[in-house]
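Visitor: First to last, the protein sequences are chains A and B.
Take the first sequence: its position 45, counting from 1, is numbered 45 in this note's numbering, and each next residue is one higher.
Take the second sequence: its position 118, counting from 1, is numbered 1118 in this note's numbering, and each next residue is one higher.
Derived by calculation from the structure, the hints in this document are not laboratory data.
From the three backbone atoms N, C-alpha and C, an ideal C-beta is built for every residue, glycine too.
You may find that some hints are simply not true.
Heads up, incomplete: computed chain B residues facing chain A, CB under 10 Å, no partners named [as the list claims (entries may be wrong)]: (1) ASP1086; (2) PRO1087; (3) ARG1113; (4) LEU1116; (5) TYR1125; (6) GLU1156; (7) ARG1214; (8) GLU1325.
Calculated from the model, a selection of chain A residues having no Cβ within reach of chain B, i.e. all distances over 12 Å [as the list claims (entries may be wrong)]: (9) LEU12; (10) PRO14; (11) ALA41; (12) GLY45.
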Amino acid sequence: MTLPPRSRLYSLEPIGIGTPLCESLSGYIARLADAHAVSVADLVGRELSPLASNPLVYPYSDEGNSDSDGFRARSYAINGLVDVPRT
Amino acid sequence: MSITPTAFPRELLARPWSERLNYFQTYMMAHPKLVAVREALQNAIHEVPQNSLIFVFGPTGVGKTTLRAKVERELGSEMASLLNADPTRLPVVSVECIAPESGSFSWRDHFRRLLLKMEEPLVDYKINPEALVRTPVVRFMPSAKAVGAEYHHAVERALTFRRPTAVLVDEAQHLARMGSGRRLSDQLDVVKSLANRTKTVHVLIGTYELLAFRNLSGQLSRRSVDIHFRRYQTDDPADIKTFRTILRSFEQQLPVADPPDLVNEWEYLYERTIGCVGVLKDWLLRALVSASRRDATGLTVQDLQTHALSVAQCDKMLAEALAGENILSESAEARNRLRSRLGLSPNGSGQEHAAVDEATSSDPATARRINQPKPGQRRPIRDPVGIPEPLYANPDSI
Chain A
1 MTLPPRSRLY
11 SLEPIGIGTP
21 LCESLSGYIA
31 RLADAHAVSV
41 ADLVGRELSP
51 LASNPLVYPY
61 SDEGNSDSDG
71 FRARSYAING
81 LVDVPRT
Chain B
1001 MSITPTAFPR
1011 ELLARPWSER
1021 LNYFQTYMMA
1031 HPKLVAVREA
1041 LQNAIHEVPQ
1051 NSLIFVFGPT
1061 GVGKTTLRAK
1071 VERELGSEMA
1081 SLLNADPTRL
1091 PVVSVECIAP
1101 ESGSFSWRDH
1111 FRRLLLKMEE
1121 PLVDYKINPE
1131 ALVRTPVVRF
1141 MPSAKAVGAE
1151 YHHAVERALT
1161 FRRPTAVLVD
1171 EAQHLARMGS
1181 GRRLSDQLDV
1191 VKSLANRTKT
1201 VHVLIGTYEL
1211 LAFRNLSGQL
1221 SRRSVDIHFR
1231 RYQTDDPADI
1241 KTFRTILRSF
1251 EQQLPVADPP
1261 DLVNEWEYLY
1271 ERTIGCVGVL
1281 KDWLLRALVS
1291 ASRRDATGLT
1301 VQDLQTHALS
1311 VAQCDKMLAE
1321 ALAGENILSE
1331 SAEARNRLRS
1341 RLGLSPNGSG
1351 QEHAAVDEAT
1361 SSDPATARRI
1371 NQPKPGQRRP
1381 IRDPVGIPEP
1391 LYANPDSI
């Protein structure tokens, strides 16, 4: 027998789903990162962003300055409340 | 016993040798001891409390890895509907302990292997949230860190979320390879706490070397189950009969036009396999490969003889097997020792009460003579004095 395809990340239940007090996407991502024992930056930058056609947060290119420009500069845009400033 | 002597498909003879060898290699014989141990293991996995350890001991080449593969598949098909409903869930996680090249067992590598087996993403970027400074596992110097705290934490998380029925650890005797300064019980404590914190049954499968782990502490004994995967032994006539049936089944599965008469040679085959079916199959496979290189139509006893294990090899295997079997057999002497230390009469058996009653009633005269004191002799017990103690049943007295 072959195993049906497994979910790559854990399927956490969003807190307060179905109520007006449902947790935000950034909250969900933070919990997901914690569940996988990785940092939020690594989860978003290495696992989630590469899946997007036009990534908001660019995947890391090199190890040395990984945090300097990739995730932290743009992470506040995840909840979709402001535009991403173009520099 | 459900050995159906079905032969290999005859059209296989026209196929290339690679296919024929592959057929024999992947053939898995459901011989009675394997079936019994598989059932025992599956029952144990379902019945024991979720934080238990299950030990499976067996001599080398008895079929332990086959058992693991089989149980893995069975648990997967048992849980098919659950797995479809929940894509996070895994039926079982099954890994092999790798013999440490440095001499002592590396938990870090073991945890890493567990994570890779669970197809965990970002394995190289795990962090331990309990550590004060968060440093990813690999960034600048991948091999510099010796401790595997990040991996340990990640494995705990993964097992908690993936909720496998069991974690099967093959070749678990390698856990006993440690550097100085560690004790066996430390090694086992790691497994025990992992089982406890993730509420997952851990199955440790290994040779008799694993026996060193058994009953290291009372707490562990209470939480562990032993399963013994025996070889076929000559003391039991039923075993010999089954071994011959196994040989007959193998005869029918050897994909050659002219198979040898294995049953006729059973004593020789038993001698060089010490009754282990895995050893037997490896041997037949080796002989078959050499036959394929000559493109022979049959396998002869001569072929078997050239590929047999040496007497010294068998002797070593047998010595280990006998030592293990000896430890695992519950002797009457050990039981008596336990009973006398508990303050019970040492020669008790299961039907102790019945036996004692019978002894007294069969010869009433003797019994009375022993029980009756001489006139005027005090009974050697203390008489109750003072106010009688209240019984413990009253909950208000707590």
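Visitor: Does each hint hold? Answer for all of them.
Guide: How the hints compare with the structure:
The interface hint given for ASP1086 (chain B) holds, since its Cβ lies 8 Å from the closest Cβ of chain A, which is under the 10 Å cut-off. The beta carbon of PRO1087 (chain B) comes within 4 Å of a beta carbon in chain A, closer than 10 Å, and the hint placing it at the interface holds. Restraint check, ARG1113 (chain B) versus chain A: the minimum CB separation of about 16 Å is more than 10 Å; hint violated. The interface hint given for LEU1116 (chain B) is broken, as the beta carbon of that residue sits about 13 Å from the closest beta carbon of chain A, more than 10 Å.
Nearest Cβ of chain A to the Cβ of TYR1125 (chain B): about 4 Å, under the 10 Å cut. The hint holds. With a least beta-carbon distance of about 8 Å to chain A, the hint placing GLU1156 (chain B) at the interface is held under the 10 Å criterion. Restraint check, ARG1214 (chain B) versus chain A: the minimum CB separation of about 33 Å is more than 10 Å; hint violated. For GLU1325 (chain B), the suggested interface contact is broken, since its CB lies about 35 Å from the closest CB of chain A, more than 10 Å.
At roughly 8 Å, the least C-beta separation between LEU12 (chain A) and chain B is not larger than 12 Å, which violates its mark as non-interface. Here PRO14 (chain A) stays apart from chain B, with its beta-carbon at least about 14 Å from theirs, past the 12 Å limit. For ALA41 (chain A), the requirement that its beta carbon stay farther than 12 Å from each beta carbon of chain B is not met, with the minimum near 9 Å. The Cβ of GLY45 (chain A) does not lie farther than 12 Å from every Cβ of chain B; its closest approach is about 10 Å, which violates its non-interface assignment.
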